[in-house]
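There are 2 protein chains.
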Amino acid sequence: MKFTINRNSFIRTFNDVSRAISTKTTIPVLTGLKLVVESNALILTGSDADISIESTISADDEDNELVVTEPGAIILPAKFFGEIIKRLPESTMTLSQSGDSLQTTITSGASEFTINGLEASTYPQLPTITAAQSLNLPADILHQVIAQTVIAVSTEESRPILTGVHVTIKDNQLLAVATDSHRLAQRKIELDDSVSDADFVIPGRSLNELGRMLGDDVKTVELRIAENQVLFSFDHTAFFSRLLDGNYPDTSRLIPKTANTTIEFEAPALLAAINRASLLSHESRNNVVRLSLKVDEQTATLFGNSPEVGNVEEQLTFTNLQGEDIEISFNPDYMKVALQGVGQSTIEVAFTAPLRPFTLVPSEDHEHYVQLITPVRTF
Amino acid sequence: MKFTINRNSFIRTFNDVSRAISTKTTIPVLTGLKLVVESNALILTGSDADISIESTISADDEDNELVVTEPGAIILPAKFFGEIIKRLPESTMTLSQSGDSLQTTITSGASEFTINGLEASTYPQLPTITAAQSLNLPADILHQVIAQTVIAVSTEESRPILTGVHVTIKDNQLLAVATDSHRLAQRKIELDDSVSDADFVIPGRSLNELGRMLGDDVKTVELRIAENQVLFSFDHTAFFSRLLDGNYPDTSRLIPKTANTTIEFEAPALLAAINRASLLSHESRNNVVRLSLKVDEQTATLFGNSPEVGNVEEQLTFTNLQGEDIEISFNPDYMKVALQGVGQSTIEVAFTAPLRPFTLVPSEDHEHYVQLITPVRTF
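These protein sequence lines map, in sequence, to chains S and L. With the numbering used here applied, the first sequence corresponds to residues 1 to 379, in that order. With the numbering used here applied, the second sequence corresponds to residues 1 to 379, in that order.
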C-alpha cells in the first residue's frame, strides 16, 4: 500500500468518518480507522456498531492531489493517527506499508512516523441495504427536521425507544416526532417524490451526528430503509444508522386542538427573559418559573424565585394576547430548548389550562412545526 | 444606596475584581463582591485572602454613565450577581437598597431582580501598605517578565516556596527566577528608577492573574512592597498579593557558564517538531524524546518512541551547530513550555553533557532571558 495525498483533503474526510469512531467501544478494532486504497480512490470507514460512516476520496478530484502507487488496506488507531496527520509539517503526506507488515509509515517533509496497524480483514462488515426504493430530501430541509426534533428526545435509557425520533412516511408526507414525555417536538414535511409508506425510529444520537455532517456544500440526501438500518447517502459519503426496536407511543392525540388563551412573542426576546428567570429557578429545588397572563390588563409577567438567593420579575413584550387569564408554571430549560428550535421567528403559545400541556408554533406557519411542553404543578 | 451605571463599564470592572473571588473559599463572605457607593464613584472589591483586587469606577469618566443617587455599601453574591448583570436587557442598570435592608434590587428595562446581600461591614480589611518607596514598571515589560517566568513555577505543594517567582532587586536590576527543580526560567531587567534593594517571592498564581489584567490599555504599573504583601497599582485598580514565606533556594550557580555543543533553531519550527515527537512519548511510560546532534554530518535528529504505538523520527532545520556530538533525552513538555516562553524568536540551545542541564536563550539577546531544562537519564 502506498499513496500520497493533500493533507487537508484527507483530514476533512477523516474528521467526517471519525464521528462514528468511539474510544470507548468494547470492540477494539472499532477504535481504528479502516483505510482501503484502490487504484483510483481511498475509502475511509469508521463505526461504533450503531453508526457507520464510509467516505471516498477520489483521484478524479484534482484538489485531493491523490496519487496511488500501490493499492492495499489497513486499520490504523484512529485517535492517534488523527493527531499525527493534524500536526504534519507539509501540505501533502505519504502513507506506505509493505507486504504483510502491519507497520505503516507516514511521511511529510522531514518528519517520518511509523505506527502499528491492524489487519484490514478483521474489520466488521458494514450493513447491506438492498432496498430498491429511495427517497431524496433537500439537505437543508433534512437538517432543519433534525435540529427541530432531536431537541426533544429523551436522554434516559429507562425507555430506550424515546431516545429516538419517530419518522412516519404516509400519503407523501413525512412526520418526525420526538418526546421525552415532558415535552414533544413534531415536524411535518410534504414530499415531492411519491414514496411508499414507512415507519421507523432513528436514535437521536445518529441524527445529531448526521446533522453535523450536512454542511452548506451538501445539496441532496438519499435515504434508504432496511429492516433495522437506515442509510443516508450524500456526496462521497454513506452514513448508516441502526434503527431502534420497539413500538413508539402514539403521540397523535397529545397535541391539543383548541386553546383558551393565546399569545405571541418574538422568540429571541422571550428566550432572553427565560434565561434571566432561570438564573433564579436553577438555584431553587424545583426548577420552575411562573408565567402570568392577564387579558384585561394586557400584561404578561414572568417570575423566577429562589428562597435563598432572591427573585426576579419581568414584564414581557408580546402581541395578540387573547382568551382567558392564566397562571402557569413550567421548567424554563424546556422552554429554552423549544425557543432555540424556532430560531428568529415570532411564535404563538397556546394554553388550555394551568396543568395541561401548552403548545408553541411559529406564527407564520402553524402547520409544519409544533412543540408541546407539560407544565409543573406547584401546589 | 442607589445608582445607575453603564452595564458594560460595570461588567468590565466586575470581571477584573472577580479574578480574586473564588467559589471554593472556606470564608463565606469572600464569595461575595463588596460594593461601596460613594457620592462620585463605585469601589468594587474581591478577595480570596491570597489575592485582593480593588477597582474604582468614577463618575468623572462619562463613558461610565454613573449617576449616584444615594451612597451606601453592600456585599453581593459574586457568581450569581455576575450572571444576572451579564443577562440584563438594557445598556444601563440601576441598583438600589434601602435603609438596613440587605435586599438589593437590580433593574434594567422591564426586568427586576431582588437578591439577598450581606452587611458590608463584615468584609475583611484589605492589607495596608505604607511603604513610601515605589517602583514604576512599564506594563508591557512586567507582562513579559511574568509570562516568561511563571511557566517554570512548581504546581506541587510539597515545596510551597517553589510555587512562587523569586524577585530580587539589587543594583538597579530586577531579577525574576522560577524553578520547579526540573527546569528554570530567569528574566533580568534594568531599572530606570533608582530603588532600594528587595528580595521576595510572589505566588505564581497571583502573577498569572495580574498578567491577565495587564491589557494593552495599561501603560505603567506601580509596585510597593511591605512585610508580607505586595501591591501593584495601575489605572483604577489596586492588586494586592500575599508573599510566600521562607527562603528561596540559591539558583545563581545552576546556570552553566560554558558549553560543549551549541545550536540555533527557529523557536516555532522546533516547537512544531517537539509537538509531533511528544505524540509518541505521551503514549509511553517515560515521557521522553531524544535529540541527536552530529557536528561532522551537520544533522539534528529528534526521536519519539512508544513500544505499543510506533515511533517518529524527524530531521530538524537548524543553524550554527558547533562543538561536540551529543545525544540527550528530555521531557518534551518542558521544552514546549520553554519555547512558548520565547515566542517567535531564534533560540540558541547550549549543552555541556548528556546528563547536565542545558540552556535555551534568545539568539539576539543572551543576557536577559535564560531557561534551563534538566535532561532525563534513559539507561
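These are calculated hints, taken from the structure and not from any lab test. There could be a bad hint or two in this list.
The list makes no distinction among identical chains, and a pair is therefore deemed to hold if it is satisfied within one copy or across any two copies.
In silico DSBU-like links for lysine-lysine, alpha-carbon gap of 30 Å or less [claimed, not checked]:
#, residue 1, residue 2
1, LYS219, LYS257
2, LYS24, LYS294
3, LYS170, LYS79
4, LYS79, LYS336
5, LYS219, LYS2
6, LYS294, LYS170
7, LYS2, LYS170
8, LYS336, LYS86
Computed from a predicted structure; not experimentally measured.
Taking the hints in turn, this is what the structure says about them:
no., hint, in the structure
1, LYS219 <-> LYS257, "neither (36 Å within a copy, 66 Å between copies)"
2, LYS24 <-> LYS294, "neither (53 Å within a copy, 44 Å between copies)"
3, LYS170 <-> LYS79, "neither (42 Å within a copy, 52 Å between copies)"
4, LYS79 <-> LYS336, "between (35 Å within a copy, 21 Å between copies)"
5, LYS219 <-> LYS2, "neither (33 Å within a copy, 58 Å between copies)"
6, LYS294 <-> LYS170, "neither (42 Å within a copy, 75 Å between copies)"
7, LYS2 <-> LYS170, "neither (49 Å within a copy, 63 Å between copies)"
8, LYS336 <-> LYS86, "between (37 Å within a copy, 17 Å between copies)"
Of the hints listed earlier, those the structure fails to meet are numbers 1, 2, 3, 5, 6 and 7, in rising order.
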